[in-house]
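2 protein chains.
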Amino acid sequence: MRVLVYGAGQLAQMMYLAGCPLGIDVQAVDVSNDTVVHPVSKQPLDTSLAQAIEAADALTVEFEHVPERLLEQAARSAKLMPSIDAILVGADRVREKRLLDSLQVPNCPHKVISDLSELDECIDLLGDKLIIKASRDGYDGYGQWRLTDTSQLDELKLSLSGLDLKTVPLVVESMLSFDRELSLIGVRGKGGEVKVYPLAENLHHQGQLHVSVAPAPQVSLALQEKAEAIFKTLAEGMDYVGVLAVEMFQCGDELLVNELAPRVHNSGHWTLSGADISQFENHLRAVAGLPLGDTAAIGPSAMINVIGCSSFSRDLLSIPGCHLHWYGKSVRDKRKMGHINLVAKSYAGLGEKMHTLSQYLPLEFFPKLVNEAQRLSKC
Amino acid sequence: MRVLVYGAGQLAQMMYLAGCPLGIDVQAVDVSNDTVVHPVSKQPLDTSLAQAIEAADALTVEFEHVPERLLEQAARSAKLMPSIDAILVGADRVREKRLLDSLQVPNCPHKVISDLSELDECIDLLGDKLIIKASRDGYDGYGQWRLTDTSQLDELKLSLSGLDLKTVPLVVESMLSFDRELSLIGVRGKGGEVKVYPLAENLHHQGQLHVSVAPAPQVSLALQEKAEAIFKTLAEGMDYVGVLAVEMFQCGDELLVNELAPRVHNSGHWTLSGADISQFENHLRAVAGLPLGDTAAIGPSAMINVIGCSSFSRDLLSIPGCHLHWYGKSVRDKRKMGHINLVAKSYAGLGEKMHTLSQYLPLEFFPKLVNEAQRLSKC
Chain F
1 MRVLVYGAGQ
11 LAQMMYLAGC
21 PLGIDVQAVD
31 VSNDTVVHPV
41 SKQPLDTSLA
51 QAIEAADALT
61 VEFEHVPERL
71 LEQAARSAKL
81 MPSIDAILVG
91 ADRVREKRLL
101 DSLQVPNCPH
111 KVISDLSELD
121 ECIDLLGDKL
131 IIKASRDGYD
141 GYGQWRLTDT
151 SQLDELKLSL
161 SGLDLKTVPL
171 VVESMLSFDR
181 ELSLIGVRGK
191 GGEVKVYPLA
201 ENLHHQGQLH
211 VSVAPAPQVS
221 LALQEKAEAI
231 FKTLAEGMDY
241 VGVLAVEMFQ
251 CGDELLVNEL
261 APRVHNSGHW
271 TLSGADISQF
281 ENHLRAVAGL
291 PLGDTAAIGP
301 SAMINVIGCS
311 SFSRDLLSIP
321 GCHLHWYGKS
331 VRDKRKMGHI
341 NLVAKSYAGL
351 GEKMHTLSQY
361 LPLEFFPKLV
371 NEAQRLSKC
Chain Y
1 MRVLVYGAGQ
11 LAQMMYLAGC
21 PLGIDVQAVD
31 VSNDTVVHPV
41 SKQPLDTSLA
51 QAIEAADALT
61 VEFEHVPERL
71 LEQAARSAKL
81 MPSIDAILVG
91 ADRVREKRLL
101 DSLQVPNCPH
111 KVISDLSELD
121 ECIDLLGDKL
131 IIKASRDGYD
141 GYGQWRLTDT
151 SQLDELKLSL
161 SGLDLKTVPL
171 VVESMLSFDR
181 ELSLIGVRGK
191 GGEVKVYPLA
201 ENLHHQGQLH
211 VSVAPAPQVS
221 LALQEKAEAI
231 FKTLAEGMDY
241 VGVLAVEMFQ
251 CGDELLVNEL
261 APRVHNSGHW
271 TLSGADISQF
281 ENHLRAVAGL
291 PLGDTAAIGP
301 SAMINVIGCS
311 SFSRDLLSIP
321 GCHLHWYGKS
331 VRDKRKMGHI
341 NLVAKSYAGL
351 GEKMHTLSQY
361 LPLEFFPKLV
371 NEAQRLSKC
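Residue numbers (this note's numbering), protein chains in the order written: chain F, 1 to 379; chain Y, 1 to 379.
Take every hint as true, because none was put in to throw you off.
If you want a taste of the chain F side facing chain Y, the calculated C-beta under 10 Å gives, among others: (1) Met14; (2) Leu22; (3) Ile24; (4) Leu272; (5) Asp276; (6) Glu281; (7) Gly289; (8) Leu290; (9) Leu292; (10) Asp294; (11) Leu317; (12) Tyr327; (13) Val343.
Distance ranges between label pairs, derived from CB positions: (14) F:Glu193 with Y:His205: 33 to 41 Å; (15) F:Glu68 with Y:Asp315: 32 to 40 Å; (16) Y:His205 with F:Asp333: 53 to 61 Å.
Please keep in mind that the hints were generated in silico from the structure rather than gathered at the bench. C-beta: ideal position from N, C-alpha, C; glycine also.
All chains, full assembly: derive it from the sequences and hints.
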């Protein structure tokens with residue numbers, strides 16, 4: 001069994017590591033130059049892309065921003081999972097909003113505009129606090145702008161004036177006051193069976209995910225069920241196969257979908273040690289037509305991203321239930337270098353482990369850690 | 001960080017998979033031709049053995065029967081862990097017995113002979129039920145003979161007559177009636193710190209391990225402590241670094257050491273899903289000088305070897321807590337093709353899962369499975 005993954009970053013690497021024990025050989029495509037590479041060493045393999053597509057049992061993606069010509073080539077093989085439409089939904093906010101609306105999935109009030117003159121109308125419709133997002137190639141906070149007061153409108157129009165809105169329209173959203181961001185990672189098999197992990201709570205800093213806690217604390221059964229119903233509506237609506245991540249805002253008892261990621265997702269990395277079967281193995285099981293694995297949480301888990309730094313004491317591994325996942329990349333500002341998983345028996349225990357962890361790390365790179373440790377310690 | 005492993009089988013592969021997330025690159029040496037290969041694909045890497053030794057931070061072994069000239073070359077680098085002496089103890093039953101006796105570790109009554117005429121003396125000393133083992137290259141039941149009645153003595157001498165006992169002496173042991181075989185997997189770090197997993201119970205068939213259950217049922221705290229004390233005596237006695245497996249016979253409250261394996265061991269494969277940190281990761285942590293990881297069991301686990309068959313339904317993955325580990329080898333009679341781990345919350349639950357598992361497998365290749373499922377169900 002062989003699976004070809006478009007994208008050769010850490011997600012492909014973690015799929016490879018999950019595939020080996022199952023006898024699934026994962027190869028990766030470096031989409032910058034159409035070469036097939038080893039997902040860990042990144043060394044080119046002795047095969048062309050066309051040959052690799054031919055030899056693979058399934059094709060999938062580790063990120064949604066794969067060039068469309070490659071996705072179309074992949075789709076022609078009839079082995080691409082999820083489908084090209086589902087992948088493009090994740091890559092294009094206009095398609096995403098259209099899907100959410102057509103399936104009547106609650107999401108933020110919004111308007112799509114292809115001319116800056118429409119911004120005034122948006123203020124009338126959506127209020128004077130707005131988030132403006134480029135419909136394509138937005139990633140980790142890039143391609144986003146904010147309006148917090150109408151006095152900024154002229155300045156905003158100026159900074160947007162260079163964009164070709166006819167080709168890449170903008171999605172304008174109300175800036176909602178929400179309680180927190182949650183995400184649901186779930187998986188749908190070829191036969192339509194669905195398994196979902198418990199909701200995770202995500203903490204961002206400057207547009208990047210820094211910490212996920214799963215199961216998210218203080219989630220009622222009703223809220224988890226609401227999230228699962230949303231997941232099923234979306235996954236069935238797209239006839240989806242594989243892992244799908246749904247980012248949501250919680251506003252009281254309501255959940256508004258913010259974003260879809262048609263792939264394994266950073267907010268699901270906790271499943272590597274916090275669940276019996278990880279999102280990576282479940283994604284492979286889905287696209288390989290194998291039974292889906294258990295998605296229950298073993299205990300409260302935290303995933304802490306290591307961003308923009310590589311220099312810290314590996315003695316943090318002395319913390320029981322602490323797992324390091326290192327991606328082997330050269331360090332760059334804001335680059336995700338790896339992540340650290342913690343598993344505990346209680347939220348208070350998780351908070352304590354997080355506090356211990358903070359003593360091993362350069363805290364300027366971990367702005368969410370200490371506060372979250374304190375919050376969990378009181379749970 | 002790079003670790004070079006002598007041997008390129010499934011143990012090196014599982015070390016590689018454990019090393020990746022820690023940022024430890026594991027390379028393997030195919031000792032049949034002195035080439036350095038990728039531990040999963042087995043493809044030759046672009047390096048000579050001498051270069052690989054030079055570039056590695058640590059050298060280790062996945063099996064003890066590495067040619068001595070290679071072990072000596074490795075030892076000269078001063079990076080070999082465990083030491084060449086410890087490895088040779090595992091490869092040579094005479095050295096092994098000498099070590100056990102010198103450290104006063106209980107083991108089976110035995111005598112080393114280098115002439116067949118000494119067999120009669122053995123019967124006087126050890127009784128007329130004997131196991132005769134070649135001192136070297138015995139592996140999985142090969143190189144072993146039995147005497148169950150003195151009337152077989154002449155026939156036995158005949159079948160041993162072709163051996164060069166001056167070079168490879170025989171170890172003659174009393175055939176003890178023991179309650180069961182247990183094994184203790186433990187790890188010792190560079191600084192002398194020790195962590196041990198709970199005892200596993202091992203079920204053999206025709207000299208091959210078929211099933212391990214861990215923690216072994218009905219082990220008193222005193223018995224576990226006795227096993228741990230034996231482990232510490234041995235590990236400290238050899239100034240050992242890495243994972244060491246100690247196979248023991250339980251006779252009532254007594255433990256007699258049967259065999260040492262200076263490496264990760266088949267009876268420790270359950271740790272891949274039954275403990276927070278597996279024996280593979282702990283071995284790497286030890287030789288890399290990292291803190292050792294938690295060795296407590298998550299719950300009752302079973303490891304079922306897949307021997308000599310590859311054709312069975314992968315639908316067994318639908319069993320919660322079931323993990324397949326496939327080694328990617330071509331099928332041969334009696335060859336270990338992979339293993340299946342099961343984790344449960346209770347022994348009875350483990351027995352039920354094992355029973356469910358048995359319905360997916362060709363039982364002629366799994367002679368221990370059904371009985372063990374029944375036994376555990378009653379625990």
